[in-house]
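Asks: Below are the chains, spelled out letter by letter.
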Amino acid sequence: MSGRTIVVCGKGGVGKTTVSAILCRHLAAAHAHRTLAVDADHAGGLCLALGITPETTLRHVRDQSVVDLESRVASRKVDLAQSMEYRLWAALTERDSLAFLALGRPEDQGCFCAVNAMLKRALSHLSSSFDLTVVDAEAGLEQINRDVVGDVDLLLLVCDRSVKSLRVAEAIGDLATRLGRPRTRGCGLVINRMRDEEQARAVHARTDLPLLGWIPEDETVASFDAEARSFFDLPDTPATAAVGRALKGWGTVFEISKKP
Amino acid sequence: MARFDPQLAALETYLAEGTDQRLVRKLDLPGPPPWPRRRSMVLARDTALDLGSPAAGSVGFLLWASLAEDLPDTDRVFLEGPDVADLAAPGSATPGPAAAGPDPVPFGQVIVVRGDFAADYDCYLELKQAQYSLALDGVSVRSMPSQSHLWCRIHKDAVDRGFGFAHLGAGLIAGLRHLTFVDQVDVVFHTAGREALAPLAAIAADAARVVGALIKRHEEEHAECDECEYADICEERVHVRAPNPGTPKGADAS
Numbered sequence: 001m002s003g004r005t006i007v008v009c010g011k012g013g014v015g016k017t018t019v020s021a022i023l024c025r026h027l028a029a030a031h032a033h034r035t036l037a038v039d040a041d042h043a044g045g046l047c048l049a050l051g052i053t054p055e056t057t058l059r060h061v062r063d064q065s066v067v068d069l070e071s072r073v074a075s076r077k078v079d080l081a082q083s084m085e086y087r088l089w090a091a092l093t094e095r096d097s098l099a100f101l102a103l104g105r106p107e108d109q110g111c112f113c114a115v116n117a118m119l120k121r122a123l124s125h126l127s128s129s130f131d132l133t134v135v136d137a138e139a140g141l142e143q144i145n146r147d148v149v150g151d152v153d154l155l156l157l158v159c160d161r162s163v164k165s166l167r168v169a170e171a172i173g174d175l176a177t178r179l180g181r182p183r184t185r186g187c188g189l190v191i192n193r194m195r196d197e198e199q200a201r202a203v204h205a206r207t208d209l210p211l212l213g214w215i216p217e218d219e220t221v222a223s224f225d226a227e228a229r230s231f232f233d234l235p236d237t238p239a240t241a242a243v244g245r246a247l248k249g250w251g252t253v254f255e256i257s258k259k260p
Numbered sequence: 001m002a003r004f005d006p007q008l009a010a011l012e013t014y015l016a017e018g019t020d021q022r023l024v025r026k027l028d029l030p031g032p033p034p035w036p037r038r039r040s041m042v043l044a045r046d047t048a049l050d051l052g053s054p055a056a057g058s059v060g061f062l063l064w065a066s067l068a069e070d071l072p073d074t075d076r077v078f079l080e081g082p083d084v085a086d087l088a089a090p091g092s093a094t095p096g097p098a099a100a101g102p103d104p105v106p107f108g109q110v111i112v113v114r115g116d117f118a119a120d121y122d123c124y125l126e127l128k129q130a131q132y133s134l135a136l137d138g139v140s141v142r143s144m145p146s147q148s149h150l151w152c153r154i155h156k157d158a159v160d161r162g163f164g165f166a167h168l169g170a171g172l173i174a175g176l177r178h179l180t181f182v183d184q185v186d187v188v189f190h191t192a193g194r195e196a197l198a199p200l201a202a203i204a205a206d207a208a209r210v211v212g213a214l215i216k217r218h219e220e221e222h223a224e225c226d227e228c229e230y231a232d233i234c235e236e237r238v239h240v241r242a243p244n245p246g247t248p249k250g251a252d253a254s
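First to last, the sequence lines map onto chains E and H. Read in our numbering, the first sequence has 167 at position 167, and its numbers run on one by one without any break. Read in our numbering, the second sequence has 18 at position 18, and its numbers run on one by one without any break.
No lab work stands behind these hints, which were simulated from the structure alone. Only true hints are included.
Here are the computed lysine-lysine pairs in the DSS-like style, where the Cα-Cα straight-line distance is at most 25 Å:
#1 K77/E with K120/E
#2 K216/H with K128/H
#3 K216/H with K77/E
#4 K128/H with K77/E
The following residues of chain H were derived to be distant from chain E, with all beta-carbon distances above 10 Å:
#5 P6
#6 L29
#7 L71
#8 P82
#9 V159
Owing to the predicted nature of the structure, the values given are computational and were not obtained by experimental measurement. Quick reminder that beta carbons are idealized off the backbone N, C-alpha and C, glycines included.
Kindly generate the complete structure, drawing on both the sequences and the hints.
Replies: Written out as structure tokens, the structure reads:
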């Protein structure tokens with residue numbers, strides 16, 4: 001199995017989740033790839049965008065794994081690994097060729113380190129079983145800086161027309177480059193909510209990041225987002241067509257267009 | 001009393017009653033070539049048979065004992081309930097979206113290994129590893145030892161190619177027979193419904209306590225026998241008796 005990984009990241013509010021959701025919709029409709037979609041944002045935006053209400057999240061898997069650790073019958077490393085695998089698979093919500101995993105949010109006060117560590121283990125374990133893994137990452141740099149997402153085949157840095165979002169994209173790109181290959185094999189900009197190609201080119205002119213695609217403003221996408229309707233029900237629109245075109249181009253980066 | 005004597009006796013009774021009622025039957029082991037080995041991931045949309053999913057319920061455990069003189073030296077596979085081809089018949093699929101997969105089937109799997117288990121704890125670890133290493137083309141198996149749960153999905157292609165419980169049993173047997181201390185293996189599968197799983201679940205719970213005692217003996221340097229939750233097991237079964245407090249790990253406790 002190829003086990004390719006796309007991570008979608010960027011500044012908060014630029015439309016990372018929208019890009020991830022359209023990507024998932026496109027991949028599920030194509031039926032060609034067994035895809036793992038991961039909502040790595042504690043706020044759970046991708047769940048909403050895809051209309052999925054997971055019964056179990058990674059946080060639950062982690063909590064149950066702690067109980068396993070305290071259970072003598074599963075105290076051996078080999079048994080713990082088996083139990084975690086069982087619980088991870090039970091936590092997946094499947095829809096055709098797509099399986100979905102949500103991070104969930106901690107109930108206690110404090111940092112997200114423990115759940116992020118669980119996410120790292122889960123990605124490392126699950127992604128090799130799928131043709132493609134799409135991770136909708138948390139806003140900002142933390143999950144990249146902490147190497148939560150592991151090896152990435154394609155890092156999509158989503159921005160909009162704001163300079164701030166472009167600078168955050170550059171910062172993430174710079175960080176990923178400094179972490180080095182093979183951690184991140186391909187990396188580039190996806191500019192969201194563009195009026196037209198001319199505006200996309202003007203935004204891109206402000207940075208040295210390679211352009212991997214631009215997505216037009218799309219009233220249908222905006223209304224689906226506003227009404228929390230599932231993107232699986234989204235009709236073909238200019239934005240979905242743009243993601244579809246871009247996906248073909250990204251395929252050449254790591255051959256995702258090849259049917260396994 | 002040997003380690004799993006009560007559980008083996010209970011299992012024997014369970015099988016005898018099932019055989020009398022013609023519910024349990026012995027399957028012929030498939031001839032060569034063996035079912036192809038390959039680690040598989042089976043999505044719901046590709047699943048012909050979903051055995052022991054968390055919603056359906058499952059019991060899976062392994063017992064080991066010395067080779068008894070009156071037992072056959074051949075490996076055996078038993079099945080209580082319908083085989084794969086019958087369960088995966090078109091009528092068993094749930095109407096609705098393909099992604100929902102077929103109705104899950106309650107599942108039981110019991111493995112009884114006989115041989116020479118002089119180094120009990122090390123043998124236990126090797127048996128578990130061999131069990132977990134099962135990789136058959138078109139079959140995904142997940143297990144949760146702490147709850148004695150086992151979840152197995154069989155791909156539509158595997159069913160089309162004639163996969164049955166005899167192949168699953170043969171795969172398990174092949175992995176276990178690689179271990180030099182294993183002389184004979186019995187595998188019992190159960191697909192006869194959730195209610196009939198209850199006796200197996202009770203045996204699994206008892207067996208889990210015995211294994212818990214074994215692990216505690218080997219992993220804790222200082223055992224307080226008076227306060228130990230496994231004192232009754234060590235009292236009854238000489239093979240799991242705890243060492244005296246302060247006795248180094250691995251020292252003979254008998």
